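Novice: Two chains, two frames, some hints: make the complex.
Chains as they are written, first to last, in this note's numbering: chain V, 1 to 297; chain F, 1 to 650.
Simulated from the structure, these hints should not be mistaken for lab results. Predicted model, so just to flag it, every value in this text is computed and none were measured. Some hints could be false.
As the list claims (entries may be wrong) - Cβ-Cβ distance ranges computed for the label pairs, FRET-style:
1. V:262 x F:597: 33 to 39 angstroms
2. V:274 x F:601: 22 to 28 angstroms
3. V:244 x F:592: 48 to 54 angstroms
4. V:33 x F:576: 35 to 41 angstroms
5. V:2 x F:596: 51 to 57 angstroms
6. V:296 x F:41: 55 to 61 angstroms
7. F:114 x V:283: 51 to 57 angstroms
8. F:49 x V:180: 55 to 61 angstroms
9. F:511 x V:274: 53 to 59 angstroms
10. F:576 x V:271: 44 to 50 angstroms
11. F:511 x V:5: 43 to 49 angstroms
12. V:297 x F:49: 55 to 61 angstroms
13. F:114 x V:274: 52 to 58 angstroms
Using N, Cα and C, we set each Cβ at its ideal position, and we do this for glycine too.
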Amino acid sequence: MEKEIMVIINILALLLIAPIMDGIERKIKAWLQCRRGPPILQTWYDLVKLFRRPSIVTEEYSLPYIVSPYIVFANMVFALTLLPSLTRASLSFYGDIIVLIYLIASSSIFIAIGSISSGSVFATIGANREISIATLSKLLIALVLATFATLKRSLTLENLLPILPPYTVSAIMSIILLAVLAYIESYKLPFDIPEAEPEIIDGILVEYSGKSLGVLKYSMYLKRVLLFTILIDLVLPKNIPGIISSLAYTASLLSIAVIYVSIETYFGRLRIDQALKFMKALIPVLLVVIIIAYFHI
Amino acid sequence: MENHILLAPIVLLFFGAISSSAFRGKLGNYFSSFFSTISSLIICYLSLNVLFLNKILEVHLEIIPERIKVPLPINLNVIVIRMDFLSAFFSLILGIVGFAASIYGLSYINRFLHKHHLGFYGLNYASFLCSMYLVFTVHDIFWFIIFWELMTVTSQFLVSYEKEKVIARKAAFKYFCMTKAGSEAIIVSALIILIILSGMRTSFDSIATYTRTLIIENPILANILIAILFTGFSVKASLVPFHTWLPDAHPEAPSNVSALLSGVMIKTPVYMLFRLFYFFFEPSVLWGYIIATIGTITLFIGSMYAILQNDSKRLLAFSSVGQMGYIILALGASIAFCSIGGEEYVILASAAFAASLYHALNHAIFKSLLFLTAGSVIYRTGLRNLNILGGLAKYMPLTSISALIASLSVAGIPPFNGFVSKWLIYSSTIPSFTILTIYGIIALFISAVTAAYFIKYFTTLFAKPSSIKIENLKDVPLPMTVSQILLALMCIILGIYPILPLNMVSSISRAIFPFGDILSYIQVFPSIALLKVGMVSVNSPLLIAVALIMISSVTMAILPPKLSMFEVWSCGIPFRKYIMNMPASSYFRPLEYSFKELYTTGKFLHRIFIKEFIKEYLSSAKILAKITENYVIMITMFTLIIMLILMWLT
Chain V
1 MEKEIMVIIN ILALLLIAPI MDGIERKIKA WLQCRRGPPI LQTWYDLVKL FRRPSIVTEE
61 YSLPYIVSPY IVFANMVFAL TLLPSLTRAS LSFYGDIIVL IYLIASSSIF IAIGSISSGS
121 VFATIGANRE ISIATLSKLL IALVLATFAT LKRSLTLENL LPILPPYTVS AIMSIILLAV
181 LAYIESYKLP FDIPEAEPEI IDGILVEYSG KSLGVLKYSM YLKRVLLFTI LIDLVLPKNI
241 PGIISSLAYT ASLLSIAVIY VSIETYFGRL RIDQALKFMK ALIPVLLVVI IIAYFHI
Chain F
1 MENHILLAPI VLLFFGAISS SAFRGKLGNY FSSFFSTISS LIICYLSLNV LFLNKILEVH
61 LEIIPERIKV PLPINLNVIV IRMDFLSAFF SLILGIVGFA ASIYGLSYIN RFLHKHHLGF
121 YGLNYASFLC SMYLVFTVHD IFWFIIFWEL MTVTSQFLVS YEKEKVIARK AAFKYFCMTK
181 AGSEAIIVSA LIILIILSGM RTSFDSIATY TRTLIIENPI LANILIAILF TGFSVKASLV
241 PFHTWLPDAH PEAPSNVSAL LSGVMIKTPV YMLFRLFYFF FEPSVLWGYI IATIGTITLF
301 IGSMYAILQN DSKRLLAFSS VGQMGYIILA LGASIAFCSI GGEEYVILAS AAFAASLYHA
361 LNHAIFKSLL FLTAGSVIYR TGLRNLNILG GLAKYMPLTS ISALIASLSV AGIPPFNGFV
421 SKWLIYSSTI PSFTILTIYG IIALFISAVT AAYFIKYFTT LFAKPSSIKI ENLKDVPLPM
481 TVSQILLALM CIILGIYPIL PLNMVSSISR AIFPFGDILS YIQVFPSIAL LKVGMVSVNS
541 PLLIAVALIM ISSVTMAILP PKLSMFEVWS CGIPFRKYIM NMPASSYFRP LEYSFKELYT
601 TGKFLHRIFI KEFIKEYLSS AKILAKITEN YVIMITMFTL IIMLILMWLT
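Looking at chain F on its own, in the form it has when it is part of the complex (with noise of 0.2 angstroms):
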């Protein structure tokens, strides 16, 4: 029985699309954003099933009935859902985002009434949800090339929903440019060759058997084909240096569908790398050592990239581009220790391959939390421009801290989550005394980066007096209040109780991790989670959340501050509003000018590469369109003259 409910969210998912998609005011929303919760609860309770009873839940569905026989080389009749460990985590992290984003979704998208079509958005948003769900689950190679693509259209179309404006749609061209036409086929090109390597059998199983052999029999072969996969999927993933769609497409989409472009739609091709180092191939040095590397570029580039933003979402987005080095970084450095071998490095390895799924969910939760946020703001003001907004933690109390929360997360500060993940990163790599370490190192340092700009994207929002008039805002709507206080939330209980995620990676360490249980090498305490290396600590460390709240809140009662009000001293002058202030471009000016060289390098490859490339593209789609249109009608007119043909002849 538990099996059918994997198809529930599918069942539900389609019909709120078809249901919303006739309507063109507030139930068109209404419609897709109640399905899309419901359905994502599910999510939610399947992968929790699956990843805390230790069951795998698997289910064929039959598209035409068996009877009818259709031929074709393969077997595309069926398809197989199946949530096994793997898949059940990065459905979770799917059903807490898509919770959190369709609640707010109820209020937030309808601003755009009277003036966009919402049953669009909303047939598009539960599309997405839906599309993404399947990726996870679906356990066939065929079927995961059809909703992977599906997944990019419907996205595509929510990136350029507000399509009056030029940006959204140049940035949803250019995602569509990179993404489909440039990763995809190259992802599908390799499949394909897979699928016919391995004598037309497309079960994730089968193929994975024939990897195996194939690894040992040819591995140049096998290598090729990693490559080719391997940066098809670091496109999606927005890996230097094919980042450079995501810093235009996931600001432009609306704020709660970025949460779930940058919360959960660039985890899928992570998702497929793990498969595909872990499932399909063995992990190897050569291609750890790669993945890291690539990783370390892109987190540095990634947040240096986002000290100089003034939008509060391109920033979030070039965050986003950061984390997701993180990520990759604690992924590389798991293949690479793994393959190394020796007691010390699989505790290394161990730590790493956790800490990648870790900062996976992590990065899900607070990253959509701030941009959920930046939406709020938007929702109040219409803004997005740091340097004129600002002062709003007085209007907007649950809003301000749910982002500060969520700052603080990603700047890794202890007690919340992106601490724990973050030092499993460090702790997996700079003891390792192979490169790795320089790169743990840098990971280090652009943590503090990554403070330095959520400390602008906090202040300028909330904290500095603003530079226009900014009066009389209420906080937002319940529903997005609630989707933003239910992510703080767990951005504190990840962090308190790192042994909930990390039973989760343990279960699927099992699985597919080669030296078993990571459990067996990590020793987790409230708050943080420690290698066991040399010495175990048998008394567990003092916990750094109860001590930091302890210690101030026993401050705070021996001196309480009496508070009396007062004017903001300007040497002796009346304050005067919306003129005395720092505007965000002003922010960290000196640190942006000891990296100077970086910046002009980056502009100079921007314009070499970049600028020339999309111009070069742009005037050959426009070609490639017109051939394509005659072509089109040409393939027509044959079709209908040989259909008139056949006709004529019975």
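Extracted from the complex, chain V is given alone in its bound form (with noise of 0.2 angstroms):
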């Protein structure tokens, strides 16, 4: 009953920072541009503005376009409590990393159907992109998770985590590339793909407004807390205390995004195509992290 408790603090915590964090990352943002740039809890004003205005409806819209953005903040709060996160606590159960894949992924295809639903085409078009850089991804994430489950020869979280111990050249490896791939799937700039503002008016988001806006924008705030948590404790060890564990998570959760800002400001964005040619150029790669951790090398 006490683990829980912990992952209900874990989430009520996230549910908190997420938007904290992406107010900082737009200081941080702003500062990088010779900016003074919003206060940091401005992602917190605009959410509760949009929770409190009504949505408007596109006269073409069909069902799954309202209940989306629901189950995507749905898949994202339950991904959260696999993990391990504030506090040392996750649910945790055989083959719970597969869970995880399968949430992050189906987060992206309710999306997509949300969007298209709205019956726009700038819409239909994000919604394209999102599912093109999805399905490589998975099959990158699928590449990584086939490495950690060679290495640590488990599919449990719990047995998993942390990676690092055995300082093998698969281990870092690995840990890397889905730094990058983190970083793809967060929709940071040069992967800035399906909701490219210029390009196609905010993508997957241009028919959402209000309170179905505000849900969705606040589940994609809670994916890059998610994935950055997913780092994170690939590396943070196991058995340190609670308190210092916890400083030790807030910290790195800042430090990693003030490292991707700082990445991402340096950035224009890539074309579909480019994007998806660089997903791929990883894909060798990780075949041979895996051959390698098959030796333990």
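Specialist: Here it is in structure tokens:
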């Protein structure tokens, strides 16, 4: 029972932190571009404003358009329960890592179905890009998963995490590759393709407004936190006392955010085929990593 | 008494076939659909009875009364119809899909009224169902061959039912060439060799006792027999490289028949493969790996080609190829792990065994549902082209919801049924740390591809605006709606309660699986099934379904959207209907482009092997037909002459 309470504390804390983290990212981005930037709580203010507004739907809409933001949100929250974050407690069962991958993928699927159901052609283009990227990234994530499973001989997150104590080449390589993937999946700038603002006017988000938009944006912040949490859990040692690990977790969450946002500032957007080409180039690398991992190098 | 109910579906279907063939109009359809519905229900009842009460049903049917002695080398007089656990499981699939397809047919087939002979459909439909039922239940190799042939012939007539279409005729011919002349020839030859070798005994049990000794005494011969049979069955199961008939043949049949073809008929070889490797022969590592490899190639090729399709039913047909790959991969994995042995691999083997059967059931349900929804769209609009269709969710809400549920099931999204079986496939292959780990990874990736093309299927039919005027459509008539809703509910129920199908699989495993009950290796929870590896979870993991529904309903309750309508934003200019949309052919272009090597290789192979092959085949078939014609005339003449001589003599 204690474990469940800890998990709920985790979730509540991350629900609070996620928009704040986005605020910090915006601030840092502004500094790097020599602007003053909005206050750190600005993202929270935006969300609260969106939640208070009514939604406008299109004349062409169908049911998935309204429902899918909530399903995406639920997917993200549930995915967060599978990972140890602020406290080192998580719901754990055999093969939970596959469920985690499924939840990330199904959030993309529901975003795509929902946005196409709005009837807007911009949303359709955005959803197509979203799914193209999600499909290839699922292949890469599956390969990374195979590396981890080969290294640790397990499919349970509790046994997999942390990856690092055997400081092998394959472990370090797979973590680096996962960091790249997390960057791609969190729609940071060279890969900001499905919701390209100037090009296809926010793509998948174009017809969303008010509460639906708020929920969708909130779940995107949560997805970002989720991806960062995966990265942190891979390296954060297990046997350190509670408060220190919470502090370490928060600090590393912030530092990953800072690193990612400072990379983001120096890039323009890639075209979709360039992005896919980049991801395709990672496949042979990962195959090599798996083979290395098999021989415990 | 219960044993004799086994004959009831046969009698009813026979009666349905005969009575419907007398009518050209609606009655021709109603008779066969009515009797098929009832007999499907009886089949469901029987198989559930066998699976849950652990009682094998058996009946011996004598064709010619015993007192008339027929001098035959083989005892063909008695048909042994026996529903053991494996038969019952596949009969249940037939019962469920047959029930839905038959009800659906009540209204759907009437669209062919005045154009086609509905009685001809009725005759073939009922005999198709009957032959599939007999293929699953007959326990005698000779009669198995007969009914297998009957199944192919009747289904071929159903494929070419709209015979005025050249494409349907061609598809039926290709289907005929590949399955009849190609696969069945070698299946029949191998089975006849088996019959002769085992001393003219034809019942499954006696052949099994013979093959068990054959594999020890003469392993080379046994393996050759397995290879021949596997090749034969893989044509019918549409495994790559013998899959090419399926995407042509399945879409051309009437939609409810497509549902039966994709849902049930391509499961008959799976049934026989289970018999082959768990009943006739012992599992072997080599065959396990070969089958798993072929399964992986099939799931990869089938799904990668499904993305390209712009025809609703053709997309579904390619997806059937892909999903068959999953089933075969799991089967191969279970065979391989079974023979590797060791405690760890037994767990994986039992999970793969369960996954294969479970996915066969799931695939039957969601794929037939998808074909029925595609049929509903055809029923209302007459179109299959995804490029011009669209926006039907407004007019056909129930059909669209069932299509969405089925699409999510195929994509393997929790809490629907596809998730649990695919999950079992991954969790049994990936932790094996053999080559099957890579296969599991490919399967995991392909499930994303599956999701991609089902997003294409669903959104182009129901969500995105259409490019032609589609207005004032109603949802489909009651029988069609009922069968769709029924299957959609089954998708959800089998997803949330995996214990139901896994209980059935466990009774099968107690009978044929070498390591006994699979449920002693698998822990089943609502909407997920876990392997008992390492630490066994004492506290059940959070129910995925319940959690998702709870969280989304709570957020919905706190933040319900207040809706007001506005036109679709199109950068300031008024939204232009029928023009501003994205055709299905443009979907996932970048993704297709990044796999262009695969497609060019496929095109090349198709040109070299299939096109040339078919051309050769056609020209020689023509010559053969001429020869046969002359031959038949000659034989008839000879027979007549001999008969005349005989008559003159007596």
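Novice: Report the numbers of all earlier hints that the structure fails to satisfy, in ascending order.
Specialist: 10
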